[in-house]
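*Asks:* Heads up, my numbering is the position in the sequence shown plus 603, with the first residue counted as 1.
Honestly, I wouldn't trust all of these hints.
Unchecked claim - Label pairs and their calculated CB-CB ranges:
1. Lys638 <-> Glu673: 51 to 61 Å
2. Gly680 <-> Arg755: 40 to 50 Å
3. Asn802 <-> Glu671: 40 to 50 Å
4. Gln650 <-> Ala773: 29 to 39 Å
5. Ser765 <-> Gly705: 34 to 44 Å
6. Phe791 <-> Gly680: 40 to 50 Å
7. Thr669 <-> Trp800: 24 to 34 Å
8. Ile775 <-> Gln650: 41 to 51 Å
9. Glu671 <-> Glu781: 11 to 21 Å
10. Gly680 <-> Ser765: 18 to 28 Å
11. Phe791 <-> Ala643: 39 to 49 Å
Hints listed in this document are in silico derivations from the structure and should not be mistaken for laboratory results.
Here a beta-carbon is modelled for each residue, glycine too, at the ideal position from N, C-alpha and C.
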Amino acid sequence: DAETSDSVPKLNLDGEDVYNFEWSKGVEAFNHMSKDHLWALLGIPDQHLLFFNTLQDPYGNHDPWTKEGEDWFKYSGRGEHLALCWHQLVGVVKMVQNAFSGKPILLMDKVGLGKTIQVMALIAILAFYREYYTTNGCFPGKIGKIAGKQWRGDTLNIPDLSIILVILAALIHQFTSELHQYLRQGSFDILPYNGIWSNS
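Could you build all of it, start to finish, from the sequences and the hints given here?
*Replies:* Structure representation (structure tokens):
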């Protein structure tokens, strides 16, 4: 079809991209909101994520999923409160909204700004919402009120399904360590699988 083919931009591999896209952060609607307000939207007034550790080792030297790490957090008194920063929390609120409306999510922050904790927070919140719905017949918070009594389509509650995270093989150890840093031991089953790609 000539009309559609003319409207499809062509990629010029030999030159510069002539298209100037206006990217946004996607969270502009929340810029005026405090952390308290964002937590209220999520329906988590105590501002602590269920399934998350309450403390963290800011240097990552002690794994709370090991006996040594468990003892360090229990007796050393040097663990720091694990909390989301505003820029992480606002991203999580947007991610939860998009999850309810079936919209895709793309995290494009620079290295070290907290994309991993945002993904873990989304997973933990959806697990909490599923349990909350089972008990109360609705989802919590203002996001829950907007969603009503339905997840998406004909599905009432959030399905209890596995989540697959695909990461580079070289990052498996680092990523697993971060999962241990954020998630309470036993709250989720983490099953790393390192496969080999085959063309056949």
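*Asks:* Hint by hint, which ones does this structure get wrong, listed from lowest number up?
*Replies:* 1, 5, 6, 8, 10 and 11
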